[in-house]
Amino acid sequence: MSTQTQQRPPTGARPEPEPARPRSRRQRPRIGLIVLGTVIAVLFVLPLWWAAVSALRPQRETFSTLSPVSLWTLLPRGLTVGNFGRLFDAEFGRALLNSTIVTVATLVIGLAICATAAFALAVLKFPGRGVIFAVMVISFLIPFDAIAIPLMSIFRDAHLENTYLALVLPGVGNGLAVFLLRGFFLGVPIDLAEAARVEGLGWWGVFWRIYLPLSRPALIGAGLILFVFQWQAYLWPLLIAPDPEMTVAPVAIAQFAGQQGVDFGAIFAGAVLTALVPLLILLFFQRYFTQSVSSSGLK
Amino acid sequence: MFWTRALALTGAATLVLAAAGCGDDGNSGGESGGTTTLTFVNAQDPGTFDKVIAAFEKANPTIKIKQQVVPFDDLNSTVQSRLGAKDSDIDLYDVDEPRLAAFASRGFLEPLDDLRGQAEGQIDPNALKITTFDGKQYAMPRWTSTQLLYYNKDLLTKARVTAPAADPKTSVTWEQVTADGKKAQEAGAKYGLIFDQVDRYYQLQPLAESLGGGPGLTGDGLLQPDVTNAGWTRAFTWYHDIFQSGVAPRGINPEQTPGLFATGGTAFFAGGPWNAAAFDKEGADYGVAPFPKFAQGKPATSTDSWSTGISPFSDSKDAARKFLSYMTIDPAGATATTSNNIPVQKEAFQTYLKNLGAKGERYQQIADIIEYSVATTAVSRPITTGFVDFESVMNKAFADIRNGTDATTRLTQAGQELDRDLAKYRNK
Amino acid sequence: MTTTAPSRRRQHSRRFGDLGVALTFLLPAVLAAVLLRLWPTVRAVWDSLRSTALGVEPTHWVGFDQYSALLRDPAFLNSLKITLLFGIIVNPLQIAVALALAVLFNERIRGAGLMRTLVFLPVAIPQSVSAVIWAVAFRPDGPLNGFLTRLGIAPQGFLTSPDQALASIIVVVSWIGVGYWMMFLIAGLKEIDPTLYEAAALDGAGRWARFRGVTLPQLRRQLAFVLVADTISNLLVFAPVQILTGGGPNGRTNLIMNDVFERAYVRADAGAAAAGTVVVALIALAIVLVQFRLLSRGSD
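Chains as they are written, first to last, in the working numbering: chain B, 94 to 392; chain H, 6 to 433; chain F, 30 to 329.
Watch out, some of these pointers could steer you wrong.
Simulated restraints on C-beta separations [what the hints assert, rightly or not]: (1) F:Thr53 / B:Ala288: 19 to 29 Å; (2) F:Trp90 / H:Thr414: 31 to 41 Å; (3) F:Leu318 / H:Asp246: 50 to 60 Å.
Stretches of chain H that chain B covers, calculated by requiring three or more beta carbons in the stretch to come under 8 Å of a beta carbon on chain B [to be verified]: (4) 46 to 58; (5) 61 to 74; (6) 79 to 87; (7) 234 to 247.
For the chain H half of the interface with chain F, some residues (derived, Cβ under 10 Å), not all of them [as the list claims (entries may be wrong)]: (8) Val166; (9) Glu260; (10) Pro317; (11) Phe318; (12) Arg326; (13) Gly409; (14) Arg415; (15) Thr417; (16) Asp426.
These aren't lab readings, by the way, just hints derived from the structure by calculation.
Cβ coordinates follow ideal geometry from the N, Cα and C atoms, glycine included.
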């Protein structure tokens, strides 16, 4: 990945935050910041690096290089893809695909549902708005894992077990995402909507043409919420979709921790692949993170 | 541009979802087109049941067995939750033997007294006994288990310590193992002794039993705690001390203990016969001996394993019985189900020992230790409705004692917790 | 309300406002919230009032017995205490670190995008794997102690020490959480109008003054969101505890959701678990109400 400035489309360029300062005074702290940022990023990623390296080395080395700590703790001596081989013998590809299908479906459906609801709660005026907002807030205060058992009974009564629908549904109506989007929509000047209404635009038009294009940062935030909920889902898939064809990635990885031994190599290999998908998505949307609102036309 | 990408993503997702929707074959139903599909929920390693299922399906072309393999740690909780919701998807499931009473008393197991009749004389009576609750057979035992002591030959030689004998009848004492482990550490070993399943009742119950402390439960229905008697206190004071003195390491999860022995550096390892395969793979040079006892105590070893039961909510109980009977009572079926476990079906057990012994001298020693300990020194876990609460309270107490809490104090506290937690079963 | 052109229509439906449109916008989300969250919760409340502890006998009305039993159980009371202590430390810590990192990675420095992606990554791997990684890191012979030994510091107990276990759990939870919350704050920073900084700089404001005078007030909405969401998610955290310490040593890491989870899934005590769930939800509600009040007062 190259630098942010190069990735940014020309229209997105914005003035430097500190244009008044002379160049020489600005250079030194920049280098300090780069070093600081690098150190922090390395610290955060170090445990993952170790897992990734352990995915690529013979299992014996994983623990024999632990102590005493040396360079070999973090670098592989011998490389092997055997761990990935065992992973795919257990049809991990299917599990990763399932997780991806469920998460992407949740993202798309969830964003649509949550954004429309948030728009209504932020912009429209109608009786009972406070009550509905309260319902949405309460819905994210309830620990999902704790209500999974009664929810499972409901889903089984509806014969939804072992379906993608059953895996997707609990993730789509996310109160926290609604809460986030509503907060953002409240910050959009109401005059914009009023003016558009005067010109005869319907509420759908206001939502679609004015609010959504202005809300990229909030939509990405809401997307993160929806994404993490499903990507981490473990207990619910175990309960509602236990068929081997429906296994999701976290469950498939856990299956390598058997009762008579744990295949750490395969577990780490699975973790690497599981982290890869969101990594690609993040890089895919990278430029939208770095784009400021000023360049998106609000101000 | 953002919207183009977002739309592309949406389109892709819709396509994938639509394609995936077609893939759902709706196989939840029990019988269709004259073929019965049985769902068998278990937590065994992949491939464990491949042989027995293939053989059974060949002999019974109208019955298909589908497995749902759940991660080991989640089996009890998910099966419990699903049966609580009367999930008719489950036909057969694996029952951890000490939990049988809890499952049976909640109505989660179909009585199998007819199968018991067939099993008499075929299956080890002890195994049938522990799968019986309130006078009824609730599951069919498949395997049993035992424990032994592994030692690292190199490390003991370096420390000039005499290796414990492989003779099944002479157990070395825990006191000796501790002292020898210390010597080995002085001679360069990282750790003296490691338990395979640190903090788990399964492996630690024999410590108290060796000193006459009993299983920790007493009274009507085994619902009164008895974990503060002399045997328990002495056994767990010793347990506390081996960690306190550094002979055994704190803070290693049970999943990571075999690795410590396999890669060398640990003198003694108390574990099951299944650990041998992993040690061989790592090329460790080790010897085996029977599970130790305390100097003033008697030998005692962990036992029991998995059994399989039938869900009362199953739509295909007859077919399930057929498969269960084949898997556990039929000699050929039980042999095919053995995998690397110890079968309780008598013929399969003999075949297992013969095959094990044929793998070399060390495995012959393991086979001898297994045969002797299963028959003579095994102590089952208590059969009681309160076992799950008991086990969860005790495992926590063991962890705290390992981490340095005084054994007497912690066992007293565990006794109080148990008194409270088990009350609801007593009042029934 | 200002009187504009379509005011006649608005007056006509004044009482119901935009009810019709609102319903179509809201229906899917409200249905999802009610059917997938509130309804099972109502069932849990019902269970907590009716079920027997053992779940063997036919259920019958037990009123608030489950609650009073729970509130007399020292283990549950301890979990409340531990959760409070955990919350007091972990929430300000995570928010402060997330904010600092957001500001840092919002600077126009080389590779900032890659850096923040790396910091975010821990939330993308399954929690069971995170737990395995940290179980290894905290081992007595693990890399953390190895590093300390190199610095000449004696090995620490970490998860096995009653005094360090909760702190160790906070490290694990924050390793996962900080990058996640940082993302929301970065999104907020991107919204700040750069001319505000220019104006402040012209007034001679230094880095810190600009942070206090521009960044913090402009980031209010995102900070408020992160405060509420982070507090709730930390109240509901349990997977790392369940896998790494099981609540020990001596109950020092027994967070409330770990306690409730154990009652529900390990001991299959549906009644007590339902009562525990209700208690957790009520605590969450109280926290949110207090936060909303404080935030709205702060904005006046």
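Do the hints match the structure? See the list:
1. F:Thr53 / B:Ala288: 19 to 29 Å: 23 Å, holds
2. F:Trp90 / H:Thr414: 31 to 41 Å: 40 Å, holds
3. F:Leu318 / H:Asp246: 50 to 60 Å: 51 Å, holds
4. 46 to 58: holds (count 5)
5. 61 to 74: holds (count 4)
6. 79 to 87: holds (count 4)
7. 234 to 247: Check failed, 0 qualifying residues.
8. Val166: With Cβ-Cβ at 22 Å, over 10 Å, it is violated.
9. Glu260: 8 Å, holds
10. Pro317: 14 Å, violated
11. Phe318: With Cβ-Cβ at 15 Å, over 10 Å, it is violated.
12. Arg326: Violated. Min distance 25 Å.
13. Gly409: Check passed: Cβ of Gly409 (chain H) comes within 8 Å of chain F, closer than 10 Å.
14. Arg415: 8 Å, holds
15. Thr417: 13 Å, violated
16. Asp426: 8 Å, holds
Violated hints, in rising order: 7, 8, 10, 11, 12 and 15; the structure is consistent with all others.
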